[in-house]
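Residue numbers (the numbering used here), protein chains in the order written: chain A, 1 to 255; chain B, 1 to 937.
Each hint should be verified, as a subset may be incorrect.
Ranges of calculated distance between the beta carbons of each label pair, as one might list FRET restraints [said to hold, decoys possible]:
# : chain 1 : residue 1 : chain 2 : residue 2 : range
1 : B       : Trp541    : A       : Arg254    : 32 to 38 Å
2 : B       : Ile759    : A       : Lys225    : 31 to 37 Å
3 : A       : Leu125    : B       : Ser811    : 26 to 32 Å
Sample of chain B residues at the chain A side, in silico, Cβ under 7 Å [stated by the list, open to error]:
# : residue
4 : Glu350
5 : Asp560
6 : Arg644
7 : Gly646
Honestly, the hints are just simulated from the structure, not real lab data. Here a beta-carbon is modelled for each residue, glycine too, at the ideal position from N, C-alpha and C.
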Amino acid sequence: MIIYSIVMIQKKILLGFLIFIIGGSLYAQDVKGVVTYNRKTDYISIISKLPHMTKEEVDRMSLTWGNWASEGRDHHLFFKKNKSLYQPKKRENDNGYSWKQDQFVLIRDYKNKEREDVIETLGNLYHIKGPLVKRKWKILNEIREIAGYLCMKAETYNPIKDQTIHAWFADGITFSGGPEGFGGLPGLILEIDINNGDAVITATSVDLDREDVTLPIPKKIKGKKITEEKFDAIIKKYVKETIEGKKNPYWRVRY
Amino acid sequence: MKSPLLSLLLCLFSISCLSQNYSIKGIVTDTLDVTLISSTVLLLEQSDSTMVDFTRTELDGSFKFEQVTPGAYIVKTTYIGYIPKTVNVPAENKEDIDVGIIKMVELAEELMTVVIKAAKAPIKMRGDTIEYDATTFKVPEGSTVEDLLKRLPGIEVESDGSIMADGKDVNTVTVDGKAFFGQDPKAATKNLPAEGISKVQVFDTKTEEEEITGATSQSKEKTMNLELKEDFKNGGFGKVIAGMGTESTKELKGNYNRFNKKIQFSLVGVGNNTGRNGLSWNDYQDFMGSQSFNFGGGTDYGFGGGGWRSFTFGGGSGGLESNIQSIFFNNSGNGGLPENYNGGINFNYEHNKTKVSSVYYYNQSGIIRDGNSSRDRFFQEFTTNEEATNLNDNLSRGHRIELEFTKDIDSLHFVKLKTNGAFINENNQAQENTELRKDGVLTSTSDIKNDINTNGYLGNALLLLRKKFKKKGRSLGVNASYLYTELEDNWTQNSVTNFYNNAAEIDSTAIINQLNTNIRNKKQLKANALYVEPLSEKFFWQTFYNFSNREETGDREVNDISGSERLLNEDLSRTYINNIDLDRIGSSLRYSYEGVNITMGLGYQRFDLKGDFKGKGDSPIIGKVDKIFTNWIPHFSLNFEPIRNGYMSFGYSRNATEPSIDDLQPIVNNLNPQYIVIGNPGLTPEINNRFSTSFNHSHPLSGRRINLNASIEFNESQFSTSETVDSFLITTAQPINVSGGRSWDVSGSLNFPIIKNRITTRMRLNVGQNIRPSFVNDIKNNTTSLSYNPYIRVNITPVDAIGIYLTARSSFVNTTYDINTSQNQSTRNDTYSAELTAKTFAGIFLNANFNYQKFKNNRFNVDRSIPILNLSIYKQILKGNRGEIRVSLYDAFNKNVGFTSSDTYRSETQSLARYVMLSFTYNIRGIQSSAHKKSWW
């Protein structure tokens with residue numbers, strides 16, 4: 001049955017491809033949709049790796065918080081015509097107390113190779129605009145199913161936060177984007193795994209059948225204009241100094 | 001129709017690539033030579049699989065990479081439902097390359113449906129090996145690997161235990177790549193527990209020839225490798241610290257933990273006669289494990305977000321039960337010679353949203369206090385001074401047991417049942433000699449001996465239910481609790497008081513020789529409910545209800561002892577029964593959106609106080625209270641984020657506290673003949689209004705933090721006393737309500753680094769004023785105290801091996817009196833401390849801690865300094881730094897004493913002073929000393 005449904009999906013994609021080809025270009029990726037990702041951060045694992053933590057402190061922390069399960073935070077990726085926007089889902093006011101949410105919007109244009117981010121962090125609002133730098137991906141020999149799609153595994157490295165990043169991408173969805181600003185793979189990234197489980201961003205639903213998708217690009221983008229290099233340098237400096245000060249930088253900085 | 005278009009495209013592409021770079025092309029088909037259209041083709045670098053380019057196959061299954069720079073590549077093709085395939089493209093080719101037809105093999109249906117779809121397990125391909133994660137296949141606890149294998153797709157286990165994979169015999173089973181107990185594959189699968197396995201790999205068994213040549217053939221046999229799980233969450237740890245020193249000092253502390261994902265078990269024990277190195281917060285956290293921060297749950301609901309802010313009623317902290325609870329949080333406080341023993345056992349179980357935790361704890365503390373004190377009082381016409389020497393020997397023992405069960409029934413329902421019980425015994429023997437003077441002239445001396453033996457117990461049960469609804473934001477919480485407490489005091493009181501005339505001769509003598517038995521009992525039933533209804537995305541309506549009934553009974557029997565006779569003292573013997581009911585209902589409207597929270601609420605409360613008071617035996621009721629007090633209690637709070645990372649709040653609350661029935665009873669309490677208390681039936685609740693505001697801001701990049709707080713409190717009606725002092729200095733006091741009492745408090749703190757991570761500082765200033773009205777000999781007296789408390793701390797950590805921590809704090813208090821301004825005074829207490837930790841040569845650490853306290857009072861000529869210097873030297877020893885040996889010198893100047901000083905009272909208590917201690921620590925997890933202190937945030 002399941003195999004059958006995959007065959008059905010294949011047929012859909014096939015049909016889609018025929019349309020592309022007739023449309024003129026093999027590389028036209030007019031696939032659009034909205035993906036919901038859940039981001040979970042494993043602070044115990046992150047803190048355990050900090051150099052100042054002793055074995056005793058790590059055990060104490062796992063003992064106290066090890067069974068505490070976070071619900072994670074939902075994010076949306078809107079994509080259409082080689083462009084995508086990724087942002088956290090608005091938090092529902094559930095327990096009757098509202099905290100102001102930090103702004104976090106990542107816009108990617110894979111056709112014009114441009115990025116535009118609005119990130120509120122470390123007490124500032126940054127507006128990062130510039131060319132999209134190509135990431136170096138290694139393709140690994142693993143396959144897995146996520147949200148109904150068969151995915152392949154790829155790996156890259158983030159020197160700013162010293163992270164090994166694994167991406168699971170569905171080559172069945174011909175959009176080169178993904179969550180957390182990652183992209184450039186032959187298909188849509190449905191999961192990002194940072195440092196083997198420290199933070200995992202997994203697609204929980206993939207909606208490709210929408211009539212139309214609009215990217216909720218903010219009308220007015222405020223914030224300090226800054227280049228990617230400068231922004232990375234600020235984060236790198238903060239992470240380094242905070243670790244030197246024997247504290248965890250990732251309470252403040254997104255892991 | 002399609003192929004001409006394609007050819008055209010291919011032509012266009014070909015034209016554009018006429019450089020040194022070349023192209024790589026091929027065709028992708030399945031095993032039956034059917035072309036696979038739009039399969040993904042990746043071009044990877046051979047060295048590390050870095051992706052260079054990707055494309056998709058055309059309608060004829062063909063693909064082509066243009067403009068490829070020379071190098072060694074891998075062409076990797078993937079297609080849904082097929083096993084990805086790789087083809088090596090060597091580097092030596094300089095011309096366009098055709099890799100030919102790439103035939104892809106379909107993924108076995110079972111692997112696809114069972115492993116990938118059902119178990120959600122990734123499969124990994126390593127050449128001919130397909131590997132999947134065994135942990136995703138659920139088997140019952142205690143299953144063997146064989147049971148696990150029976151569930152895995154493509155694997156069959158015969159009745160004799162032999163294994164087949166993909167229809168081929170498994171002739172070898174390895175564990176972590178190593179042969180397991182020789183050649184019999186069943187030995188491993190039949191004996192190893194399934195829980196210990198993380199991965200199962202199956203691959204073709206290679207002949208020796210194939211191993212060497214790398215050639216592959218259709219093997220007839222398979223090898224299975226079982227990879228073992230790392231012991232992640234299972235473990236045990238423990239620590240013991242033992243020390244012995246001069247002055248017969250001893251310290252011992254130990255803990256032991258065992259835990260896995262479901263169970264946490266721990267033991268802790270502490271014993272010392274130094275009052276130092278007792279149970280620290282870290283020890284407590286090790287002991288309680290996942291329950292360390294499980295405090296709340298039983299409070300009364302109130303206004304505020306999610307019902308968090310709450311009321312406490314009926315002695316949450318000050319009731320009869322606090323006499324029992326305080327035994328377990330015994331702080332030896334200021335001075336004295338302590339001897340403490342405590343320890344306990346904790347067990348937590350957590351599985352599938354169910355938590356069970358149980359604690360037993362025993363606490364024994366003894367303290368001997370030998371000291372003297374001086375108390376001054378000021379009246380309009382005269383002043384009094386009471387000098388006393390005291391010797392106090394206190395020993396308390398307590399057993400406490402707690403059981404808690406919580407369960408998330410589903411995502412909407414939560415239930416908690418908590419019970420606890422405690423049993424205590426306390427013995428206090430006190431001797432006191434006092435001299436009371438009026439304007440410097442001796443008026444009386446007392447010689448008092450008290451021996452109090454207390455036994456008590458309590459039992460408490462709480463049931464709590466929380467329900468969320470499908471509608472977001474709607475929630476309901478209900479809880480009910482029952483408390484039963486009983487306390488029995490047996491008190492022998494002997495005192496001789498001599499009163500002196502003006503000629504300094506004994507005028508009269510009062511002798512008290514009494515045996516006093518006092519049994520008190522409290523039963524309290526509480527029930528609370530809270531309901532939150534979202535009116536819109538931004539508005540919430542919250543309603544709460546608190547109910548409490550408490551019955552308090554007391555039976556005090558006082559017998560005068562003369563010789564061997566005991567005579568009931570009917571004046572002092574009493575029995576009472578009090579019944580206090582509270583109903584409180586409140587409702588609030590809250591706006592919560594984008595970091596702005598505004599709450600406005602109004603509550604109404606009704607106290608119903610009934611009390612009967614009588615003597616022992618058949619004595620008629622001599623006092624009766626039947627009062628109802630009702631009050632409106634408004635509430636307002638606002639908090640928002642005016643600037644980034646800056647939070648501001650404003651609040652107003654009004655509190656009404658009911659008077660105690662003891663104070664309402666219109667009777668005379670002459671238990672203490674020097675201080676007689678008369679009840680006041682006209683007493684009304686204490687009502688105060690409090691306004692507060694706060695602002696805090698942090699700047700993460702610079703590490704600067706600022707905090708500002710201000711509050712002001714007006715007492716509409718405040719409990720106070722009206723005292724009448726006669727010429728023999730016997731005080732008669734009556735509880736009254738006064739108005740005009742008020743206080744304000746402003747504080748600010750600033751943290752910032754002077755040099756990041758090297759020198760950081762924190763400063764704080766607190767200024768406050770408090771005006772307390774009271775009546776003495778019918779004259780209203782306002783005591784006004786104005787205090788300033790500056791504080792500064794500097795942390796200096798220039799290198800990893802050195803940490804220096806400097807602190808200075810002062811407390812200035814100016815006290816002024818309305819009726820006796822000559823007694824106006826100012827006190828100043830300063831504390832300076834400096835701590836240095838250094839890692840020196842050969843892993844030897846040094847720690848020096850100097851603490852200098854200074855007490856000054858201009859009115860009483862107090863000028864007292866207490867310098868305390870503690871030094872220690874320590875080194876880690878044994879393999880893995882599991883041991884530490886430490887020599888400590890405490891109080892090098894031999895100056896330690898317990899000293900307190902306020903505007904009217906000073907006391908001094910002998911304390912353990914200089915001693916040297918040698919201690920040894922053994923920690924299973926190893927010891928990692930640092931010259932720097934850690935702070936979490």
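Against the structure, the hints come out as follows:
Evaluation of the 32 to 38 Å hint for tryptophan 541 of chain B and arginine 254 of chain A yields a pass: the beta carbon distance comes to about 35 Å. Checked against the given bound of 31 to 37 Å, the beta carbons of isoleucine 759 of chain B and lysine 225 of chain A, roughly 34 Å apart, stay inside it. A hinted range of 26 to 32 Å for the beta carbons of leucine 125 of chain A and serine 811 of chain B is inconsistent with their spacing of about 42 Å. With 7 Å as the threshold, the beta carbon of glutamate 350 of chain B comes within range of chain A, its nearest partner Cβ sitting at about 5 Å, so the hint holds.
A hinted interface residue such as aspartate 560 of chain B counts as satisfied when its beta carbon comes closer than 7 Å to some beta carbon of chain A; here the least separation is about 57 Å, so the hint is violated. The interface hint given for arginine 644 of chain B holds, since its Cβ lies 6 Å from the closest Cβ of chain A, which is under the 7 Å cut-off. Restraint check, glycine 646 of chain B versus chain A: the minimum CB separation of about 9 Å is more than 7 Å; hint violated.
In this structure, the earlier hints numbered 3, 5, 7 are contradicted, and the remaining ones agree with it.
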